[in-house]
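Trainee: Please model the entire structure based on the sequences and the hints provided.
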Amino acid sequence: MPELLRAAAPGSLLPYGLGRSYGDSCLNAGRELIDCRRLNRFLGFDESTGMLRCESGVSLSEIIDIFLPKGWFLPVTPGTRYVTVGGVIANDVHGKNHHCAGTFGAHVRQIGLHRSNDGLVVCNADCNSDMLAATIGGLGLTGVIAWADIQLKRVAGPWMDAETIPFESLAAFLDLTRESNNRFEYTVAWLDCFAGKNLRGIFFRGNHAADAGKTFHPKRGPKLPFALPAWMLNSYSIRAFNAAYYKVHSLKKGASVVPYDSFFYPLDSIRQWNLLYGKQGFLQYQCVIPETNVEAFEELLDRIASSGMGSFLGVMKQFGSAPPAGMLSFARPGLTVALDFAMRGERTLQLMHSLDEIVQHSGGALYPAKDARMSPALFEASFPRWRSFVPYIDPKMSSSFWRRVTGAQS
Amino acid sequence: MKTDTAPATNMKQVVILGATSGMALEIQRQLARRGCELFLVARSAQRLAELQADLTLRGARKVLTYSANLAAVQQHAAVFDFAQRSFPKFDTVLLAYGSMHEQKDSESSIDVLLEELQVNFVSATAILTLFAADLERRHTGCLAAITSVAGDRGRRSNYVYGSAKGALSLFLQGLRSRLHPAGVRVITIKPGPVQTPMTDHMANSARFADPERVARDIVRALERRSPDVLYTPKVWRYVMTAVEHIPETIFKRLSF
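Chains as they are written, first to last, in the numbering used here: chain H, 34 to 443; chain X, 3 to 258.
Read the hints as simulated data drawn from the structure, not as lab findings.
Watch out, some of these pointers could steer you wrong.
[Said to hold, decoys possible] Each pair of labels, with its calculated beta carbon distance range: (1) H:420 to X:206: 41 to 49 Å; (2) X:222 to H:305: 17 to 25 Å; (3) H:68 to X:180: 15 to 23 Å; (4) H:249 to X:222: 17 to 25 Å; (5) H:441 to X:206: 45 to 53 Å; (6) X:179 to H:244: 49 to 57 Å; (7) X:240 to H:390: 52 to 60 Å; (8) H:155 to X:256: 49 to 57 Å; (9) X:139 to H:289: 52 to 60 Å.
[Stated by the list, open to error] Pairs of lysine to aspartate or glutamate residues, derived as DMTMM-like cross-links and limited to a Cα-Cα distance of at most 20 Å, are as follows: (10) X:106 to X:83; (11) H:256 to X:212; (12) X:64 to H:79.
The beta-carbon is built from N, C-alpha and C at its ideal position, and this holds for glycine as well.
Mentor: So this is what it looks like as structure tokens:
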């Protein structure tokens, strides 16, 4: 690695993990990517404290497979387990427990970072703490993360005590959130963006269950073999899906004990689910809007609903008030919503542009890990401190995203 | 789907020759998850130490390592000696190392040519013979080696590597017959091109098979009683049957 970084041209490289970022933050058009998947060894684990040291190409899936049977779980997990530790740190991802655990970066105690000019740099709270803060959420631009120390969390087993509650207005969602955040480690809501003026959705909340005594059999889900034709996903089929989804979960209303994988990773059960969107693919829109500005959040949801272009994968959550772990961390106090839009060309882009305006005026932010199109102005508004991040960028690193939103050449 | 009703080999103690090869790395992880005990042989002591930590965390009951250059036959006695003393109940031996130079280099340099044969064929037969005798004496176990589909027919673009691997396949065929009466299995593993450090330099390596999937096939073959010859991914059995049936007068004109 040190030789590779030294020999490279300025701004020519970007570390790449499993490529699950939806936009161009994991791409480097016309330049090179470093495939970090082979940096995938476990380096050590302290059974008494739960501190894991592993290389950055290890996937969350591997960590779960090995450590859940020993009674340890990820401190924070995004909605897919098929991401690498390096990617999770570089995007400072959040999960359904943001309100009590903050982002993944808050549980990274130490990293080893390959820098092109000064070799392997160890960063922790006492030593190079600024470089650690730059690398958490640093989009891979500060160098190649060699390894990381991650604080895992004790759990009784693979089961979750989960509750499902339908709601029919934003106010009801907010009430549920406030009421649940003290008692439930995980909260999130699925959103039916086709319900028109009256927002509706399903609120999910849960805690790790005490040992349920049941045996757990992991299942391997079906796989989408090819891209569906674009016409199959239209406002009628999505409306029908959403109505059915709402109905089914309303009927399931109440508490149950469910396996962790269906609770955290429902989409992982359909391999290559992205092919649902056909060859045109999709864009995702994830923003956060300060809670002082609930009207703006409501306006955003209205705009999506009236556009008739939303999709079935809509989720929203209230972020907690934990201070950001990284200089460019996305998660911050407020309400976040993430929604897929099948790509239908100019129409889709225009809708997103109109959403951008709401986000920008409300003092909100857009999530780089999900973005393929935000303007430099919106990036500036979302991350006003980005210029103080620039000195930490490794001179050999760059990305399509970074060049697009900052106008940087290298 | 065919189901295998024969009892599993009950593989518990596995010797891996060439433990740092791209293929071996994946295989060892899957063995570790099954709780196997492993004896790993490779050149780099440092990489072996790292592997030991990784595989122990992944569930291996025990990981022993020995640093040696297996291409050098004079080092084999020490490796085998160590195995007999410290890992005497091994039931599976997997040879997973190999080398692939650019074909052109083996044409222009006799040293490269001989090294290719030495690593892939000569040294492999030597170390396998040592371990085979032990399993034969104990009337138990399984001996497997990774050769290649490249050994099924000599091709213009890769015949030196191919001939070494093909010769190794023939050697294993004979060895299988010799060890059969003793109840020792011999498996010839013929992978198609796989994404490993060995093939990274090749132009279309991104389209090669996923090592994890290939490793899964290999581990399954080690566990069960069949087959004697494993093609992985499976499609290569059919591809190679077709390739072997192309008449030589046509084949010699093909440049692949």
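Trainee: Now, for every hint given, state plainly whether the structure supports it.
Mentor: Verification of the hints:
Between residue 420 of chain H and residue 206 of chain X the beta carbons are some 42 Å apart, a value that agrees with the proposed interval 41 to 49 Å. For residue 222 of chain X and residue 305 of chain H, the hinted distance range of 17 to 25 Å is satisfied, since their beta carbons lie about 24 Å from each other. The beta-carbon spacing between residue 68 of chain H and residue 180 of chain X, approximately 43 Å, falls outside the hinted interval of 15 to 23 Å. The supplied range of 17 to 25 Å is met by residue 249 of chain H and residue 222 of chain X, whose beta-carbon atoms lie about 23 Å from each other.
A C-beta distance of roughly 33 Å is found between residue 441 of chain H and residue 206 of chain X, which places it outside the suggested range of 45 to 53 Å. For the pair residue 179 of chain X and residue 244 of chain H, the beta carbons lie near 53 Å from each other, so the given range of 49 to 57 Å is met. A beta carbon spacing of about 58 Å between residue 240 of chain X and residue 390 of chain H agrees with the range 52 to 60 Å that was offered as a hint. The hinted window of 49 to 57 Å between residue 155 of chain H and residue 256 of chain X holds, with their beta carbons roughly 54 Å apart.
For the pair residue 139 of chain X and residue 289 of chain H, the supplied restraint of 52 to 60 Å holds, since their beta-carbon distance comes to about 58 Å. Between the alpha carbons of residue 106 of chain X and residue 83 of chain X the distance comes to roughly 38 Å, so the proposed pair goes past 20 Å and is violated. Restraint check: the Cα-Cα separation between residue 256 of chain H and residue 212 of chain X comes to about 17 Å, which is no more than 20 Å; the hinted pair holds. Annotation: proposed proximity of residue 64 of chain X to residue 79 of chain H holds, straight-line Cα distance about 18 Å (limit 20 Å).
This entry does not satisfy hints 3, 5, 10, going by the numbered hints stated previously.
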